[in-house]
Amino acid sequence: MKKIYLETPLSTKDIKDLTVGDIVFLSGKIFTARDETHKKMLELKKKGKKIPFNPKELVLFHCGPVTRKEKNKWVIVSAGPTTSIRMESFESEFLSLFGVKMIIGKGGMGKETLKTLKKTGAVYAHFTGGAGALAAKSIKKVEDVYFLEELGIPEALWILKVENFGPLIVTMDAKGNSFYEKKKT
Amino acid sequence: MAKISKRNIEEMLMEAIEKAETELPKDVVKALRKAKEVEKGLARIQLEAILENIKIASKQNIPMCQDTGIMTFYIEAGIEFKYLVDLKKIIKNAVKRATVEIPLRPNTANPFTGENSGDNTGMHIPYINWNIVNGSECTIHILPKGGGSENMSALWMLNPGEGLVELKKLIVEQITNAGGKPCPPTIAGIGIGGGADICMQLAKKALLRRVGERHKEKQVAKTERELIKLINKTGVGPMGMGGKTTVLDVHIEYAHRHPASFPVGMVLQCWAHRRKTIKIDNNGSIKLT
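Protein sequences, first through last, are from chains A and B. Quick note, the first sequence lines up with residues 4 to 188 if you use our numbering. Quick note, the second sequence lines up with residues 276 to 564 if you use our numbering.
Keep in mind that the hints were calculated from the coordinates and are not lab data. Glycine included, C-beta positions come from ideal geometry on N, C-alpha and C. Hints may contain errors.
[Said to hold, decoys possible] Straight-line Cα separation of at most 25 Å, BS3-like style, residue types lysine-lysine; simulated pairs:
1. A:K72 x B:K519
2. B:K562 x B:K309
3. A:K16 x A:K178
4. A:K72 x B:K504
5. A:K5 x B:K519
[Stated by the list, open to error] Residues from chain B that face chain A, not an exhaustive set, calculated with beta carbons under 8 Å:
6. A324
7. F387
8. G455
[Said to hold, decoys possible] Label pairs and their in silico Cβ distance ranges:
9. B:T451 x A:E166: 32 to 40 Å
10. B:N406 x A:E166: 30 to 38 Å
11. A:K164 x B:K364: 49 to 57 Å
12. B:T451 x A:N167: 28 to 36 Å
13. A:E153 x B:R372: 23 to 31 Å
14. B:T451 x A:M4: 21 to 29 Å
15. B:R372 x A:P55: 29 to 37 Å
16. B:V408 x A:K143: 46 to 54 Å
17. B:E312 x A:P55: 30 to 38 Å
18. B:T451 x A:K143: 37 to 45 Å
19. A:K164 x B:R372: 29 to 37 Å
20. A:G24 x B:G410: 51 to 59 Å
21. A:N167 x B:G410: 51 to 59 Å
22. B:V408 x A:E166: 51 to 59 Å
Please work from the sequences and hints to get the whole structure.
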């Protein structure tokens with residue numbers, strides 16, 4: 004099993020080199036988005052409104068964290084992945100419109116996402132479900148938060164600075180391989 | 276002994292919720308450690324991450340999972356317990372305070388508007404399952420239940436003639452199809468008989484048993500053991516990464532059934548099987564287990 008250390012923004016080469024089964028530790032910037040946040044961002048984009056950051060340079064994390072405010076600053080208390088398949092109906096469009104190169108979640112995604120990962124050159128990586136405290140340990144800072152008032156803490160879009168975030172297992176790569184498809188055959 | 280008061284009970288409940296969210300019961304940790312020893316490759320990496328996560332959560336006193344669950348309480352309430360009428364309000368207050376002080380994730384959204392109440396309370400939540408018993412002692416079981424595993428629950432209304440055979444097939448099928456989604460290794464709670472609502476309730480309540488604790492009746496215990504074997508043969512494994520451990524345990528509870536029905540309910544619980552119990556009596560003795 005190959006251990007790979009990567010940093011955002013991820014390059015096309017970084018992604019091309021990843022294969023199902025690789026273990027990745029990620030440093031840099033990631034953003035959280037769950038069901039409502041996907042909907043919200045797609046809506047904004049379609050209306051031609053500005054997205055307040057550049058999703059292309061960040062990694063998408065399917066997560067609704069536990070947070071705390073300390074001295075006017077947000078702190079992430081616990082932040083494991085949520086079930087990714089719920090986002091299946093949004094993800095292809097999301098990947099195409101925002102050019103995100105890596106998705107982190109749990110449980111894997113479906114055929115449509117797999118196709119789009121290949122088309123846009125992106126991968127899906129699994130983080131251990133429920134390991135919220137372990138994830139929070141590698142989250143060093145909350146850089147920003149959007150849609151907090153409107154969507155509430157779990158659905159808000161949190162921009163996080165992470166260091167050696169993982170272990171992430173690549174389970175869907177940019178070459179069309181999926182750990183989840185393989186298992187069924 | 277401490278003087279018992281509403282304030283007192285609220286404090287204890289707060290502490291119990293915090294303990295439930297930050298520390299896994301010993302029986303669960305033991306089962307996870309055992310599972311790690313038999314797994315290899317990606318499955319072992321998942322269990323190592325889980326065990327490391329448990330360590331961090333308990334050391335730093337933070338929720339082990341960001342999904343801190345829907346607050347669910349099972350109460351065996353002694354009819355002579357002094358604070359019986361106040362208990363619902365005390366629990367609601369404790370949940371609201373726990374949300375801010377631990378903190379917990381606000382997990383209660385209105386199904387129609389999507390609006391999050393922000394404090395983990397709302398229509399019928401925290402959910403309280405009451406069982407009135409004799410005496411003056413009150414036992415409160417806390418079971419914060421996550422959404423990922425709950426979404427993989429199932430209800431089957433089977434033909435009585437095939438019930439016992441069919442249920443094994445369906446349970447194995449459901450858990451196989453669920454794959455990594457309920458965060459395996461899971462604990463499966465199975466309710467049989469009664470009716471649609473009764474078997475679902477029994478299924479969730481079955482989760483209150485300790486991992487490794489078999490049903491008192493031989494034939495029920497036998498079915499539990501069979502199911503554990505069958506499910507662990509599916510190869511789903513920790514987090515769906517393949518392996519020998521898909522469930523840590525299977526607990527069955529049953530009720531007598533109508534001659535025409537054979538209801539079977541299943542509620543899955545993720546590896547983060549958070550639970551805590553408080554016992555209070557009128558003399559002021561409060562025990563946390």
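Outcome of the hint check:
| no. | hint | in the structure |
| --- | --- | --- |
| 1 | A:K72 x B:K519 | violated, 42 Å |
| 2 | B:K562 x B:K309 | violated, 29 Å |
| 3 | A:K16 x A:K178 | holds, 13 Å |
| 4 | A:K72 x B:K504 | violated, 46 Å |
| 5 | A:K5 x B:K519 | holds, 23 Å |
| 6 | A324 | holds, 4 Å |
| 7 | F387 | violated, 15 Å |
| 8 | G455 | holds, 5 Å |
| 9 | B:T451 x A:E166: 32 to 40 Å | holds, 37 Å |
| 10 | B:N406 x A:E166: 30 to 38 Å | violated, 49 Å |
| 11 | A:K164 x B:K364: 49 to 57 Å | violated, 42 Å |
| 12 | B:T451 x A:N167: 28 to 36 Å | holds, 34 Å |
| 13 | A:E153 x B:R372: 23 to 31 Å | holds, 26 Å |
| 14 | B:T451 x A:M4: 21 to 29 Å | holds, 25 Å |
| 15 | B:R372 x A:P55: 29 to 37 Å | holds, 34 Å |
| 16 | B:V408 x A:K143: 46 to 54 Å | holds, 50 Å |
| 17 | B:E312 x A:P55: 30 to 38 Å | violated, 48 Å |
| 18 | B:T451 x A:K143: 37 to 45 Å | holds, 39 Å |
| 19 | A:K164 x B:R372: 29 to 37 Å | holds, 31 Å |
| 20 | A:G24 x B:G410: 51 to 59 Å | holds, 57 Å |
| 21 | A:N167 x B:G410: 51 to 59 Å | holds, 54 Å |
| 22 | B:V408 x A:E166: 51 to 59 Å | holds, 52 Å |
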